[in-house]
Amino acid sequence: NAGVTQTPKFQVLKTGQSMTLQCAQDMNHNSMYWYRQDPGMGLRLIYYSASEGTTDKGEVPNGYNVSRLNKREFSLRLESAAPSQTSVYFCASTEGQNYGYTFGSGTRLTVV
Amino acid sequence: RKEVEQDPGPFNVPEGATVAFNCTYSNSASQSFFWYRQDCRKEPKLLMSVYSSGNEDGRFTAQLNRASQYISLLIRDSKLSDSATYLCVVDYTGGFKTIFGAGTRLFVKA
Numbered sequence: 001n002a003g004v005t006q007t008p009k010f011q012v013l014k015t016g017q018s019m020t021l022q023c024a025q026d027m028n029h030n031s032m033y034w035y036r037q038d039p040g041m042g043l044r045l046i047y048y049s050a051s052e053g054t055t056d057k058g059e060v061p062n063g064y065n066v067s068r069l070n071k072r073e074f075s076l077r078l079e080s081a082a083p084s085q086t087s088v089y090f091c092a093s094t095e096g097q098n099y100g101y102t103f104g105s106g107t108r109l110t111v112v
Numbered sequence: 001r002k003e004v005e006q007d008p009g010p011f012n013v014p015e016g017a018t019v020a021f022n023c024t025y026s027n028s029a030s031q032s033f034f035w036y037r038q039d040c041r042k043e044p045k046l047l048m049s050v051y052s053s054g055n056e057d058g059r060f061t062a063q064l065n066r067a068s069q070y071i072s073l074l075i076r077d078s079k080l081s082d083s084a085t086y087l088c089v090v091d092y093t094g095g096f097k098t099i100f101g102a103g104t105r106l107f108v109k110a
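Those sequence lines, one after another, are chains F and S. Sequential numbering of the first sequence, starting at 1, is according to the numbering used here. Sequential numbering of the second sequence, starting at 1, is according to the numbering used here.
Rather than coming from a laboratory, the hints here were simulated on the basis of the structure. There's no promise every hint is true.
As the list claims (entries may be wrong) - With a straight-line Cα cutoff of 25 Å, these simulated DSS-like cross-link-like pairs (lysine-lysine) come out:
| # | chain 1 | residue 1 | chain 2 | residue 2 |
| --- | --- | --- | --- | --- |
| 1 | S | Lys45 | S | Lys79 |
| 2 | F | Lys9 | S | Lys2 |
| 3 | S | Lys45 | S | Lys97 |
| 4 | F | Lys57 | F | Lys9 |
| 5 | S | Lys109 | S | Lys42 |
| 6 | F | Lys14 | F | Lys71 |
| 7 | F | Lys57 | S | Lys45 |
| 8 | S | Lys79 | S | Lys2 |
| 9 | F | Lys71 | F | Lys57 |
| 10 | S | Lys2 | S | Lys45 |
| 11 | S | Lys79 | S | Lys42 |
| 12 | S | Lys79 | F | Lys57 |
| 13 | S | Lys79 | S | Lys109 |
| 14 | S | Lys45 | S | Lys109 |
| 15 | S | Lys42 | S | Lys97 |
| 16 | F | Lys9 | S | Lys42 |
| 17 | F | Lys57 | S | Lys109 |
| 18 | S | Lys45 | F | Lys71 |
| 19 | F | Lys71 | S | Lys97 |
As the list claims (entries may be wrong) - Rough simulated footprint, nothing fancy, chain S against chain F, three-plus residues with beta-carbon under 8 Å:
| # | region |
| --- | --- |
| 20 | 39 to 46 |
| 21 | 102 to 111 |
As the list claims (entries may be wrong) - If we take Cβ atoms under 10 Å as the criterion, some of the chain F residues that face chain S in the derived model are:
| # | residue |
| --- | --- |
| 22 | Gln6 |
| 23 | Asp26 |
| 24 | Tyr35 |
| 25 | Val60 |
| 26 | Tyr64 |
| 27 | Val88 |
| 28 | Phe90 |
| 29 | Ala92 |
| 30 | Asn98 |
| 31 | Tyr99 |
Ideal Cβ placement from N, Cα and C applies to all residues, glycine included.
Please construct the entire structure, taking both the sequences and the accompanying hints into account.
Right, here's the structure in full:
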């Protein structure tokens, strides 16, 4: 019963490098999300996908792009990493309103 | 003013104590409310939804006061394993505008 699977779990990048964070869910959820979590702050929404084929910006989309590859997979790309993108990234999915989210285990990203 | 505000704590309580967390939200159009638990260096996990009539799950009781725009979480008979950060979450429209509080840290000591 995997739920939401994120890879990688840890990553160190140099400023200007690019990378893609992968996320997959096996719960047949329509909606998927990418959040970042910084110390002392609540989770902030980067991008979301309400359903396969659609993506929309969240609160902090600058510097990121996403792809909803199919119903299961939703990836987050950093084209040119910056130290301000050092954070913990969580992917989540939901069955719908009133059900809450299921989160992946997170990716700890450090940009030096 | 933050859209969802929580006392950051930490709350330090002995085993067996009752502890209450409050959370206030600023937008009266809020529709769904949740409490999540997050262990250190782990992902948030849904603890319980919060319903208008209040709801209970074992030692945990959640209350919603729409008039005053706050929700609360009461933990009775605290266990060491309850030590975690508790996140208050407010959902405005179908999950596409979900605001997370910064969390309240709880330490339960023997």
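Can you list which hints this structure breaks, lowest number first?
2, 6, 8, 12, 17, 23, 25, 26
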